[in-house]
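2 protein chains.
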Amino acid sequence: MARRQDVTRALAEWVVDSKFDDIPDNVRAQGVRSFVNWLGCAVGGASHETADRAIEGVAPFSGSQKVTVVGRAERLDALHAALLNGITSHVLDYDDTHLKTIIHPAGPVASAALTVAELKGLSGRDVLHALLLGIEVECRIGNSVYPDHYDRGWHITGTTGVFGAAAAVGKLLGLDAQRMTWALSLAATQSSNLREMFGTMTKSFHPGRAAQNGATAAFLAQAGFDSAEAGIEGRRGFAHVLSTKQDYGEILDTLGTEWEAGLNSYKPFACGIVIHPAIDGCIQLHKEHAIPAAEVESIELKAHPFVLELTGKTDPKTGLESKFSIFHATACALERGDGSPTAFTDEAATNPVLVDLRRRVKVETSPSVREDEVTITVRTKDGRTIEKYIEHAIGSLHRPLSNADLDRKFLHQSALVIGEAQSAELLDMAWKVEDFRHAADIAKASVPARQKAEAV
Amino acid sequence: MARRQDVTRALAEWVVDSKFDDIPDNVRAQGVRSFVNWLGCAVGGASHETADRAIEGVAPFSGSQKVTVVGRAERLDALHAALLNGITSHVLDYDDTHLKTIIHPAGPVASAALTVAELKGLSGRDVLHALLLGIEVECRIGNSVYPDHYDRGWHITGTTGVFGAAAAVGKLLGLDAQRMTWALSLAATQSSNLREMFGTMTKSFHPGRAAQNGATAAFLAQAGFDSAEAGIEGRRGFAHVLSTKQDYGEILDTLGTEWEAGLNSYKPFACGIVIHPAIDGCIQLHKEHAIPAAEVESIELKAHPFVLELTGKTDPKTGLESKFSIFHATACALERGDGSPTAFTDEAATNPVLVDLRRRVKVETSPSVREDEVTITVRTKDGRTIEKYIEHAIGSLHRPLSNADLDRKFLHQSALVIGEAQSAELLDMAWKVEDFRHAADIAKASVPARQKAEAV
Numbered sequence: 000m001a002r003r004q005d006v007t008r009a010l011a012e013w014v015v016d017s018k019f020d021d022i023p024d025n026v027r028a029q030g031v032r033s034f035v036n037w038l039g040c041a042v043g044g045a046s047h048e049t050a051d052r053a054i055e056g057v058a059p060f061s062g063s064q065k066v067t068v069v070g071r072a073e074r075l076d077a078l079h080a081a082l083l084n085g086i087t088s089h090v091l092d093y094d095d096t097h098l099k100t101i102i103h104p105a106g107p108v109a110s111a112a113l114t115v116a117e118l119k120g121l122s123g124r125d126v127l128h129a130l131l132l133g134i135e136v137e138c139r140i141g142n143s144v145y146p147d148h149y150d151r152g153w154h155i156t157g158t159t160g161v162f163g164a165a166a167a168v169g170k171l172l173g174l175d176a177q178r179m180t181w182a183l184s185l186a187a188t189q190s191s192n193l194r195e196m197f198g199t200m201t202k203s204f205h206p207g208r209a210a211q212n213g214a215t216a217a218f219l220a221q222a223g224f225d226s227a228e229a230g231i232e233g234r235r236g237f238a239h240v241l242s243t244k245q246d247y248g249e250i251l252d253t254l255g256t257e258w259e260a261g262l263n264s265y266k267p268f269a270c271g272i273v274i275h276p277a278i279d280g281c282i283q284l285h286k287e288h289a290i291p292a293a294e295v296e297s298i299e300l301k302a303h304p305f306v307l308e309l310t311g312k313t314d315p316k317t318g319l320e321s322k323f324s325i326f327h328a329t330a331c332a333l334e335r336g337d338g339s340p341t342a343f344t345d346e347a348a349t350n351p352v353l354v355d356l357r358r359r360v361k362v363e364t365s366p367s368v369r370e371d372e373v374t375i376t377v378r379t380k381d382g383r384t385i386e387k388y389i390e391h392a393i394g395s396l397h398r399p400l401s402n403a404d405l406d407r408k409f410l411h412q413s414a415l416v417i418g419e420a421q422s423a424e425l426l427d428m429a430w431k432v433e434d435f436r437h438a439a440d441i442a443k444a445s446v447p448a449r450q451k452a453e454a455v
Numbered sequence: 000m001a002r003r004q005d006v007t008r009a010l011a012e013w014v015v016d017s018k019f020d021d022i023p024d025n026v027r028a029q030g031v032r033s034f035v036n037w038l039g040c041a042v043g044g045a046s047h048e049t050a051d052r053a054i055e056g057v058a059p060f061s062g063s064q065k066v067t068v069v070g071r072a073e074r075l076d077a078l079h080a081a082l083l084n085g086i087t088s089h090v091l092d093y094d095d096t097h098l099k100t101i102i103h104p105a106g107p108v109a110s111a112a113l114t115v116a117e118l119k120g121l122s123g124r125d126v127l128h129a130l131l132l133g134i135e136v137e138c139r140i141g142n143s144v145y146p147d148h149y150d151r152g153w154h155i156t157g158t159t160g161v162f163g164a165a166a167a168v169g170k171l172l173g174l175d176a177q178r179m180t181w182a183l184s185l186a187a188t189q190s191s192n193l194r195e196m197f198g199t200m201t202k203s204f205h206p207g208r209a210a211q212n213g214a215t216a217a218f219l220a221q222a223g224f225d226s227a228e229a230g231i232e233g234r235r236g237f238a239h240v241l242s243t244k245q246d247y248g249e250i251l252d253t254l255g256t257e258w259e260a261g262l263n264s265y266k267p268f269a270c271g272i273v274i275h276p277a278i279d280g281c282i283q284l285h286k287e288h289a290i291p292a293a294e295v296e297s298i299e300l301k302a303h304p305f306v307l308e309l310t311g312k313t314d315p316k317t318g319l320e321s322k323f324s325i326f327h328a329t330a331c332a333l334e335r336g337d338g339s340p341t342a343f344t345d346e347a348a349t350n351p352v353l354v355d356l357r358r359r360v361k362v363e364t365s366p367s368v369r370e371d372e373v374t375i376t377v378r379t380k381d382g383r384t385i386e387k388y389i390e391h392a393i394g395s396l397h398r399p400l401s402n403a404d405l406d407r408k409f410l411h412q413s414a415l416v417i418g419e420a421q422s423a424e425l426l427d428m429a430w431k432v433e434d435f436r437h438a439a440d441i442a443k444a445s446v447p448a449r450q451k452a453e454a455v
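Line by line, the protein sequences are chains L and Y. Okay, so the first sequence: first residue is 0 according to numbering that gives the first Met the number 0, each after it adds one. Okay, so the second sequence: first residue is 0 according to numbering that gives the first Met the number 0, each after it adds one.
Heads up, a few of these hints could be off.
Mimicking DSS-like on lysine-lysine, the simulated pairs with C-alpha atoms at most 25 Å apart in a straight line are [stated by the list, open to error]:
hint, chain 1, residue 1, chain 2, residue 2
1, Y, K65, L, K65
2, Y, K361, Y, K380
3, L, K301, L, K312
4, Y, K286, Y, K361
5, L, K244, Y, K244
Heads up, incomplete: computed chain L residues facing chain Y, CB under 8 Å, no partners named [said to hold, decoys possible]:
hint, residue
6, V57
7, F218
8, S226
9, A229
10, T349
Read the hints as simulated data drawn from the structure, not as lab findings. In this text, a Cβ means the ideal position worked out from N, Cα and C, and glycines have one as well.
In isolation and in its complexed conformation, chain L is listed as follows:
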């Protein structure tokens, strides 16, 4: 074992030495949930214009050993397919959240692991193992620098996801400890992505590029392309340059005995997670009171400061922008009872009734309110006051989505892209990921059946 302070090397050795059979059943089960949720999101986002634009931009550069892009007819080389999978799994902002760090963990890791598994003919167990290790690496590195790193303006899903993808692909390639160390340092030197991009197509580019860059790091390291020994903890390495906080105990303590995958949560609503308490409450108000928009005098929220920091857009013009508007999300949830992808389309963002209603949303923030908590007060024009208190939003660790909830979420978004029957079949395969000798079979089953025949 490396010396305690050799963080990059120690983490690399742990990944290299990990055996799938040593991972506890409950951790594996969490990994399967992450995989199922990721696959549903990647299919659900696959028909988004963002994916069309990305494919138009990069397909001319795709290599000839092509693999599946989840939910699409086009086939790309494994690195570009990883980019696309990462984009589609995140574009609806409907994926998963490691609540300690606001990392969306599966996207950068699974997006690369599945394409490399297809390229190399590897199994569903291999993918699940790589996914669990990648999530562990990215979330622990996130823990070591959060919150300073995030507060500075980094989109932590991209900055840490590249490590997760490197570890996952490195494991699939069977790198030794030296090469895995190089892969992690090659990931460190590619760690980037800015929160300024929120509300544009470039936000979902982040987990996609993290997947692609992390995989590239692993392939380069495999070829003997060398790198630093201490890309994470070195004086000019990731943690010192991209953060004012460096807590390496968060990376190395309890490694292999406590698993971050168990702390992953799955979004019930297709937008920034800090809005979820408000949507949860407004959907309940919609069901219980069905107050027409015209009768609403005001909607007042008392929420955590992150709500305005991250989702304070007052006048979103597009579906992607509306995911970062507490005003839109609140109005749409109260008026339509909807927080799913259909609540964040260009139509919804520009709907006159919703645009008018969102102007009546007032947000007061306080650090004394927890992130998964909100108080909503609706005042009607005829003088009524209706209050709703959400202690823990649905989807939080206190109220996690059940496997049946994940099924419903998967089928609802996937059906819009590949139809109900194919979605049901794909969902069944996703839960059984461990049984597949060729993980590629799952990826291939996500291709829209109508388009499959036409595909190259």
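Starting from the known structure of chain L, fit chain Y onto it as the hints suggest.
Relative to chain L, chain Y alone:
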């Protein structure tokens, strides 16, 4: 024109509106010098093991529309060829330096511009125009955040080079102002690269990846993949997240009237520029006194603090590491009179005479010594003391390399890879870059003649 504070937009508009004929002759001449120097370095580094390893890692993912990799027989898609050109042009640490920021400007920009020009059938003038604009963008962005950004640990060639490559390729693709703005923001969100990697293959990965990522940004923007409006100056954009200093006047003032290309310098020695004064002085001492290593008691340097900060490796094991060792470089220059690529090979780094001599090098640093200044005191075992004072190192703006010096530098390193005759022909073409209807002709002339017949 955009409002003064819209930095990204204003810079994008300037690039889009620029006309080649409006650029002063002396600026164009500097651009040609940068191009010649870059091409010589890319050929000179093309046979380095770093390039072999990179090609082995990424070639399986190369697309089918292949273009030339400078100095190599293999052909890759334009994005991967840009990566390789960036690697080879920097791997010997022999390229160019924008002394205000320590950016090596041509690598990220020319490496992408030439491959995209070949892909699109563009001219030498197009490449030269794109190169000048790219250098301008990257160096001005560098000026806006230097030195804070560099001091923090960022390898500024990579962090700013990605903007330069995006601007250059965006210009070659004829992007409009909106798409150029997106391209610059897509560059901003990919801005990365850590100084921790110095001394490994990953250092030269930085300008390569900046070239590749900047080009990708431009191709995505061309396809309508949207991004932030203010990737540079936004609250969560490049300048605020990656620097504590933001001086946007450095970006927008005198744009189009003063050119950073005029401030580019060309390395006379194949290593970190802060060592150059010491090498310059020691080569002079070698010529003047020829003191055998065995007779040297000590070599004392009085130098700028960057010398130990950046090149303080006391016991380099490889050629790449030795480029960051003031101790090795000083010993080699005194003993062999050499600061060229042959001074920084694995052989030189482990040569017993040099290893022994470098232990007798003592470095005292002081902020009162300028970066291009050094005082060298050699004490011999028989009691002599020989002093050499270098006021401005050769290659600095006070003592720039002449065109004849650039010729010699080009031919010396290029001949080692493609032979003297082909090097002379290529050098002639490089000086005439403006005359080429197809810039690809220059790239193709760099392929080793012996291997060209074997190439796919």
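- Hints violated by the structure (numbers, ascending): 10
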